[in-house]
Amino acid sequence: MAHPIGFTDLDVGHEFPRLQLTLSSEQVQQYALAAHMPGGRFMSDAAAQREGLPGQIVPGNLSMALFARLIAEALPAGVLRRLNATFRALVRPGQVLVVHGVVTEKHCTEAGESVECDLVLESAEGDRLVTGTATVRLSGESPTAR
Amino acid sequence: MAISLDRSIVGVEFDRTVCEPVTETEIRTYSAISGDPLPPSPGGGALVAAPTFVVSVRGKKFMPPKLPNLGAAGFDAGKDIEFGEPIHPGDVLTVVSTVHDVYEKTGRSGTMAFLVLRAVITNQRGDQVAVIDQKMMFR
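Protein chains in written order, with the working numbering: chain A, 1 to 146; chain B, 1 to 139.
A portion of the hints provided could be inaccurate.
[Stated by the list, open to error] Incomplete in silico selection of chain B near chain A, CB under 8 Å:
# : residue
1 : 36
2 : 56
3 : 78
4 : 80
5 : 83
6 : 85
Hints were generated in silico from the structure; no laboratory data involved.
It should be emphasised that the depicted structure is a prediction, and the values quoted were computed from it without experimental measurement.
Backbone N, C-alpha and C fix where the C-beta goes; we use that ideal spot for every residue, glycine too.
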């Protein structure tokens, strides 16, 4: 069985396994309710159109949750310390989404070891809808190497 | 259109909310719906909320009551979350919201105003759980 990736296993340029998914209208509604974001734009096409939008949209917070999921699946031993996102375009339910990320920096300080990552959520056509960065704290060695 | 920027609102606290205790159901529901998985509980101890659960912790007022004239429509342009202590069931969280910054930027599509709202979330022990900066764009 593969061991969780540790700090020493990672190099700058390491790419995380991509996520590809489509969020349904119901999933977006459920997220908006669970995250206490009751805005009409997250609930239905009709409500979103009354706000001048083309239809129901995915909350930015849910896009950030997808970034967090990407990191959790790629670095299960990691602890997310910072997550940043820029919402560049509307994300819609029913749209095929691809989430990917890459390690851009490694840091080893008295406070511990961490990596910086660039993150992207894009459409199947490659349009960058959300971009972000993350700081993830990691243990020094992979668990089996300890 | 010229945007009037009144920086006197920067630093003003506009909300302080003490939330109801976090429940295990809320933590599990958020994780299941968002796909942000539950982190391992240290030593098999108390349940730990997924990192982005913290965005569901909201104050009573989302925006300051007296906003300067920033433009017609406001859009969520981005967010920055600095994570602190983990959240567990039973935690009583306090959200303090302030206007962190307001500034203007001119790009290809004209002049836009940005309002940065900061929420500092602490638990019942006074430990910092998260600092969330939300950037709103007006044009």
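Verification of the hints:
Taking 8 Å as the C-beta cut-off, the interface hint given for residue 36 of chain B holds, the closest approach to chain A being about 4 Å. Against a cut-off of 8 Å between C-beta atoms, the interface hint on residue 56 of chain B holds, since the closest Cβ of chain A lies about 4 Å away. Annotation: interface hint on residue 78 of chain B holds; nearest CB of chain A at approximately 4 Å, less than 8 Å. Against a cut-off of 8 Å between C-beta atoms, the interface hint on residue 80 of chain B holds, since the closest Cβ of chain A lies about 4 Å away.
Interface hint status for residue 83 of chain B: upheld, as the beta-carbon distance to the closest one in chain A is roughly 6 Å, under 8 Å. Hint status for residue 85 of chain B relative to chain A: violated, with the closest Cβ pair at about 12 Å, above 8 Å.
The earlier numbered hint that this structure contradicts is number 6, and it is the only one.
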